[in-house]
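Asker: Sequence:
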Amino acid sequence: MFLGEHRHVLDEKGRLTIPARFREELGSPFILTRGLDGSLFAYPLSAWRTLERRLRSLPFTRRDVRAFTRLLFAGAVEVEPDRQGRISIPPNLAAYAGLAKNVVVVGVSARVEIWDEARWEAYVAEGEAKYTDLAESLIDLGLDEGWEESGADVP
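Once you know that position 116 of the sequence shown is 116 in UniProt numbering, the rest is easy, because the numbers rise by one and skip nothing.
What the hints contain is simulated information worked out from the structure, not anything from laboratory work.
Bear in mind the structure is a predicted one, so any value in this text is a computation, not a measurement.
Watch out, some of these pointers could steer you wrong.
[Claimed, not checked] Below, computed lysine to any residue pairings styled on SDA-like, alpha-carbon distance capped at 20 angstroms:
{"id": "1", "residue 1": "Lys101", "residue 2": "Ala122"}
{"id": "2", "residue 1": "Lys13", "residue 2": "Glu24"}
{"id": "3", "residue 1": "Lys13", "residue 2": "Leu93"}
[Stated by the list, open to error] What follows is a set of in silico ranges between Cβ atoms, one per label pair, in the way DEER data are often shown:
{"id": "4", "residue 1": "Asp133", "residue 2": "Glu78", "range": "32 to 40 angstroms"}
{"id": "5", "residue 1": "Lys13", "residue 2": "Asp133", "range": "18 to 26 angstroms"}
{"id": "6", "residue 1": "Arg23", "residue 2": "Arg62", "range": "30 to 38 angstroms"}
All C-beta atoms in this analysis are idealised placements derived from N, C-alpha and C, irrespective of residue type, glycine included.
All chains, please: the whole structure from these sequences, using the hints.
Answerer: Written out as C-alpha coordinates, the structure is:
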(Lines of atoms letter the chains of each structure in order from A and count residues from 1; the text may use other names and numbers.)
(Lines give C-alpha, C1' and ligand atoms only; values in the text may rest on other atoms or scores of the structure.)
Protein backbone atom coordinates (compact mmCIF):
# COMPACT_ATOMS: atom_id res chain seq x y z
CA MET A 1 0.00 0.00 0.00
CA PHE A 2 1.27 3.48 -0.88
CA LEU A 3 1.08 6.12 1.86
CA GLY A 4 2.34 9.64 2.50
CA GLU A 5 3.63 12.55 0.47
CA HIS A 6 7.18 13.26 -0.61
CA ARG A 7 8.47 16.51 -2.08
CA HIS A 8 11.04 16.43 -4.84
CA VAL A 9 12.56 18.72 -7.43
CA LEU A 10 12.78 17.72 -11.08
CA ASP A 11 16.41 17.73 -12.19
CA GLU A 12 17.71 19.74 -15.15
CA LYS A 13 16.73 16.90 -17.51
CA GLY A 14 13.18 16.76 -16.14
CA ARG A 15 13.74 13.53 -14.23
CA LEU A 16 11.93 12.73 -11.01
CA THR A 17 13.32 10.64 -8.18
CA ILE A 18 10.71 8.17 -7.00
CA PRO A 19 10.89 7.62 -3.21
CA ALA A 20 12.64 4.34 -2.36
CA ARG A 21 9.59 2.93 -0.51
CA PHE A 22 7.42 3.58 -3.55
CA ARG A 23 10.00 2.18 -6.02
CA GLU A 24 10.06 -1.11 -4.17
CA GLU A 25 6.30 -1.56 -4.36
CA LEU A 26 5.87 -0.11 -7.87
CA GLY A 27 8.42 -2.52 -9.26
CA SER A 28 10.26 -2.02 -12.51
CA PRO A 29 8.92 -1.25 -14.98
CA PHE A 30 5.68 0.39 -13.89
CA ILE A 31 2.97 2.35 -15.69
CA LEU A 32 2.73 6.15 -15.70
CA THR A 33 -0.37 7.81 -17.16
CA ARG A 34 -2.76 10.73 -16.96
CA GLY A 35 -4.45 10.93 -13.60
CA LEU A 36 -7.40 12.91 -12.39
CA ASP A 37 -7.53 16.47 -11.04
CA GLY A 38 -4.40 17.44 -12.99
CA SER A 39 -2.12 14.75 -11.59
CA LEU A 40 -0.31 11.73 -13.00
CA PHE A 41 -0.99 8.18 -11.81
CA ALA A 42 1.66 5.48 -11.42
CA TYR A 43 0.62 1.84 -11.12
CA PRO A 44 2.50 -1.41 -10.52
CA LEU A 45 2.03 -3.65 -13.57
CA SER A 46 -0.27 -6.01 -11.64
CA ALA A 47 -2.61 -3.17 -10.60
CA TRP A 48 -2.53 -1.77 -14.15
CA ARG A 49 -3.56 -5.14 -15.57
CA THR A 50 -6.44 -5.34 -13.09
CA LEU A 51 -7.59 -1.85 -14.06
CA GLU A 52 -7.28 -2.73 -17.73
CA ARG A 53 -9.43 -5.86 -17.28
CA ARG A 54 -12.07 -3.91 -15.39
CA LEU A 55 -12.19 -1.20 -18.05
CA ARG A 56 -12.46 -3.85 -20.77
CA SER A 57 -15.51 -5.27 -19.00
CA LEU A 58 -17.38 -1.97 -19.37
CA PRO A 59 -19.62 -1.46 -22.41
CA PHE A 60 -17.43 0.17 -25.08
CA THR A 61 -20.59 1.44 -26.78
CA ARG A 62 -20.82 4.09 -24.06
CA ARG A 63 -19.17 7.33 -25.13
CA ASP A 64 -17.81 8.09 -21.64
CA VAL A 65 -16.16 4.66 -21.41
CA ARG A 66 -14.50 5.08 -24.81
CA ALA A 67 -13.33 8.62 -24.06
CA PHE A 68 -11.88 7.81 -20.65
CA THR A 69 -10.23 4.60 -21.84
CA ARG A 70 -8.67 6.34 -24.86
CA LEU A 71 -7.21 9.15 -22.80
CA LEU A 72 -5.96 6.85 -20.06
CA PHE A 73 -4.28 4.36 -22.40
CA ALA A 74 -3.04 6.89 -24.95
CA GLY A 75 -1.20 8.69 -22.17
CA ALA A 76 0.21 5.54 -20.59
CA VAL A 77 3.89 4.64 -20.76
CA GLU A 78 6.03 1.98 -19.16
CA VAL A 79 8.80 3.61 -17.17
CA GLU A 80 11.85 2.08 -15.56
CA PRO A 81 13.73 3.92 -12.82
CA ASP A 82 17.48 4.27 -13.36
CA ARG A 83 20.03 3.24 -10.70
CA GLN A 84 19.34 6.42 -8.74
CA GLY A 85 15.58 5.78 -8.80
CA ARG A 86 14.85 8.53 -11.33
CA ILE A 87 12.30 8.38 -14.12
CA SER A 88 11.96 10.55 -17.18
CA ILE A 89 8.47 11.97 -17.46
CA PRO A 90 7.39 12.29 -21.10
CA PRO A 91 6.77 15.92 -22.14
CA ASN A 92 3.07 15.34 -22.88
CA LEU A 93 2.47 13.96 -19.38
CA ALA A 94 4.57 16.68 -17.73
CA ALA A 95 2.52 19.31 -19.59
CA TYR A 96 -0.77 17.63 -18.65
CA ALA A 97 0.15 17.73 -14.95
CA GLY A 98 1.78 21.18 -15.13
CA LEU A 99 5.08 19.80 -13.82
CA ALA A 100 7.82 22.38 -13.94
CA LYS A 101 10.20 22.09 -11.00
CA ASN A 102 8.73 21.34 -7.57
CA VAL A 103 6.77 18.10 -7.43
CA VAL A 104 4.89 16.14 -4.77
CA VAL A 105 4.77 12.33 -4.98
CA VAL A 106 1.71 11.07 -3.10
CA GLY A 107 0.86 7.54 -2.00
CA VAL A 108 -2.85 6.82 -2.49
CA SER A 109 -3.51 3.22 -1.48
CA ALA A 110 -2.97 1.14 -4.65
CA ARG A 111 -1.38 3.89 -6.78
CA VAL A 112 1.07 6.76 -6.64
CA GLU A 113 0.09 10.24 -7.77
CA ILE A 114 2.51 12.87 -9.06
CA TRP A 115 1.50 16.51 -8.65
CA ASP A 116 2.91 19.93 -9.35
CA GLU A 117 3.59 21.27 -5.86
CA ALA A 118 1.46 24.44 -6.19
CA ARG A 119 -1.43 22.46 -7.68
CA TRP A 120 -1.18 19.89 -4.86
CA GLU A 121 -1.17 22.58 -2.16
CA ALA A 122 -4.26 24.22 -3.68
CA TYR A 123 -5.99 20.84 -3.89
CA VAL A 124 -5.20 20.01 -0.26
CA ALA A 125 -6.35 23.44 0.96
CA GLU A 126 -9.66 23.01 -0.85
CA GLY A 127 -10.06 19.41 0.31
CA GLU A 128 -9.28 20.16 3.94
CA ALA A 129 -12.06 22.75 3.98
CA LYS A 130 -14.60 20.06 3.12
CA TYR A 131 -12.94 16.96 4.60
CA THR A 132 -15.83 16.20 6.96
CA ASP A 133 -18.38 16.51 4.14
CA LEU A 134 -16.28 14.18 1.99
CA ALA A 135 -16.14 11.61 4.80
CA GLU A 136 -19.90 11.77 5.23
CA SER A 137 -20.35 11.19 1.49
CA LEU A 138 -18.23 8.04 1.73
CA ILE A 139 -20.31 6.80 4.64
CA ASP A 140 -23.38 7.33 2.43
CA LEU A 141 -21.69 5.12 -0.20
CA GLY A 142 -21.29 2.34 2.36
CA LEU A 143 -17.78 2.90 3.75
CA ASP A 144 -18.95 2.02 7.24
CA GLU A 145 -20.38 -1.36 6.22
CA GLY A 146 -18.51 -4.35 7.60
CA TRP A 147 -16.54 -2.49 10.27
CA GLU A 148 -18.30 -4.34 13.05
CA GLU A 149 -17.00 -7.72 11.81
CA SER A 150 -13.43 -6.41 11.73
CA GLY A 151 -13.55 -5.35 15.37
CA ALA A 152 -12.36 -1.86 14.41
CA ASP A 153 -14.11 1.37 15.25
CA VAL A 154 -15.95 3.07 12.42
CA PRO A 155 -13.74 5.97 11.30
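Asker: If you draw a straight line from the CA of lysine 101 to the CA of alanine 122, is it 20 angstroms or shorter?
Answerer: holds, 16 angstroms
Asker: Taking 20 angstroms as the top limit, are the C-alpha atoms of lysine 13 and glutamate 24 close enough?
Answerer: violated, 23 angstroms
Asker: The hint says 32 to 40 angstroms between aspartate 133 and glutamate 78; measuring C-beta to C-beta, is that right?
Answerer: About 38 angstroms separates the Cβ atoms of aspartate 133 and glutamate 78, which means 32 to 40 angstroms holds.
Asker: The hint says 18 to 26 angstroms between lysine 13 and aspartate 133; measuring C-beta to C-beta, is that right?
Answerer: violated, 42 angstroms
Asker: Do the alpha carbons of lysine 13 and leucine 93 lie within 20 angstroms of each other, as the hint requires?
Answerer: Within the cut-off at roughly 15 angstroms; holds.
Asker: Do arginine 23 and arginine 62 keep their Cβ atoms within the hinted range of 30 to 38 angstroms?
Answerer: holds, 36 angstroms
In summary, the numbered hints that this structure violates are 2 and 5.
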